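There are 2 protein chains.
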Amino acid sequence: MLDICLLGTGGMMPLPYRYLTSLMVRYNGHSILIDCGEGTQIALRKKGWSPNPIDMILFTHYHADHISGLPGMLLTMGNADRTEPLLLVGPPGLTKVVNSLRIIAPELPFEIKCKEIQGPEESFDAFGLRIDAFKVNHNVTCYGYSMSLDRQGMFQVEKAENLGLEKKYWGRLQKGEVVELDGKTYTPDMVMGPARKGLKVTYCTDTRPTDSIVENAAGSDLFICEGMYGEHDKLAKAKEHKHMTFYEAATLAQKAQVKEMWLTHFSPSMKKPDPFMDDVKKIFPNAHAGKDGKTMELDFSE
Amino acid sequence: MLDICLLGTGGMMPLPYRYLTSLMVRYNGHSILIDCGEGTQIALRKKGWSPNPIDMILFTHYHADHISGLPGMLLTMGNADRTEPLLLVGPPGLTKVVNSLRIIAPELPFEIKCKEIQGPEESFDAFGLRIDAFKVNHNVTCYGYSMSLDRQGMFQVEKAENLGLEKKYWGRLQKGEVVELDGKTYTPDMVMGPARKGLKVTYCTDTRPTDSIVENAAGSDLFICEGMYGEHDKLAKAKEHKHMTFYEAATLAQKAQVKEMWLTHFSPSMKKPDPFMDDVKKIFPNAHAGKDGKTMELDFSE
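Chains as they are written, first to last, in this note's numbering: chain A, -13 to 288; chain B, -13 to 288.
Keep in mind that the hints are not guaranteed to be accurate.
Because identical chains cannot be distinguished in the list, a pair is counted as satisfied if it fits within a single copy or across any two copies.
Cross-link-like lysine-lysine pairs, in silico, DSS-like; alpha carbons within 25 Å at most [as the list claims (entries may be wrong)]:
1. K32 with K258
2. K245 with K258
3. K121 with K82
It should be emphasised that the hints constitute simulated quantities derived from the structure, not laboratory data.
Keep in mind the model is a prediction, meaning the values are calculated, not measured.
Given the sequences, and given the hints that come with them, work out the whole structure.
Given below as structure tokens:
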């Protein structure tokens, strides 16, 4: 139901073997991209995907490695004759940043809408997905994002029969509608069981560990979190540059009781993240080093 | 003496197997980059080179595929603690474009100087190389660049002896100095033979064929020219978008009597340029399809 692809896993600068961190989420024919650094359109193309189905790009913040690929991405969409509007979402200042970057992409055959997130948290709907933006702690305003797909409860046949409501009205209640009949009001909760577990993916990068991450990532099926450094002795450096070590990320995963964690946004100085994973798994066993193009298909459990 | 590397050969958008067109010229410890699209810093890294030795970036024009990699390149230089100033050169409007793009690269530990080219032709010196910028014909103001390394004549021992000048002064004349002695003036031309053939590289992309290209590329050792389309029937499209076919580029090479030509700036729709090269060589035999990372070392002939 939710198709996840980590297009890149790098921080700071793109490398020949590691594109900059960004995430593609595909749901029900819609695509949402989080962050768009230099080369993100190449990573997308490498997966064999077109940028045209992207309905929305969420930006965590406006450091170049998270947005420098935007003008090129917009032009590639334009060259493919896109006409559907594109929604860009990000911290305050988005319109100014986008307009400034568009000095090299001034003419596009589609409309760009900008939505600037306000306050510490903001929720909005996107094609049936709930997106929760939450402020994290970097050296510029930066947000993490959770994407949740809720799942309603089971239809309770017994309850419907007990209501004495004719079968032909059941479907409307199941779809969430209210039925008025013979002076009586029937509401969905009268026939639906408790909401079932939905799907949830949380993404945060370029931040120190925060309570907001633990709260918003709570119970996620997949938690994608920055891990700039794997070396234990780089904690001071992580604090100085407002990033995290692998172990701090794993501690967040453990506190938020997520199902699975992927690390990303590796420092260019790190050749491979794998040698550090044994230590990471001691804190959070279901932790994995992100890899460019790593995918997951999340389905409702039976 | 002149190290040439075509970092990418693509036009419009970077592809997983083809970076955007840009050229690195290395001479006497200095490096000059022409154009810097999205991913150029990845292509550079792929060659194993750092961006830090780059002293100057020349821009042909400000379409995104020729400049979208600038903010990332600047930040990568800054992250490597560069302190030497960087000179950017390009058509009018450069300062505005650079400042606008720097919204995502505002703080750098080195100075950026911008030089805007004026008029149809402009020449300037760069570390002993002569650079000739010449206007070409695209749908925005666009320049081509020739880089020339002049070579003085041979020292003529016989002439020096006939002058009756003591041997210890010969070296000064050979270095181009004037020697005043016993009321007589000795100038270099009295002992130096005619200037010998130097080295010349010409680069032009995003243009229709022009006389200015033929004039400025004349006698080049290497002529790197755009060829957006290989298919003969795409001539109308080339004219419409102010680009060239392979055959138009080859005709320029033939008219300019260059030694060797490389084609570049291939349309994303072109899988491989090679199938068209037989036809190209009928017009200009020493034509080659550019490849990402293609290099050449140009030395003075004996």
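Now for the hints, and whether the structure bears them out:
In this homomeric assembly, K32 and K258 come within 25 Å of each other (Cα to Cα) both inside a single copy, at 21 Å, and across copies, at 17 Å. Within a single copy, K245 and K258 get their C-alpha atoms as close as 24 Å, which meets the 25 Å cut-off; across copies the closest is 45 Å, which misses it. In this homomeric assembly, K121 and K82 come within 25 Å of each other (Cα to Cα) only inside a single copy, at 20 Å, whereas the closest approach across copies is 33 Å.
Of the numbered hints listed earlier, not one is contradicted by the structure.
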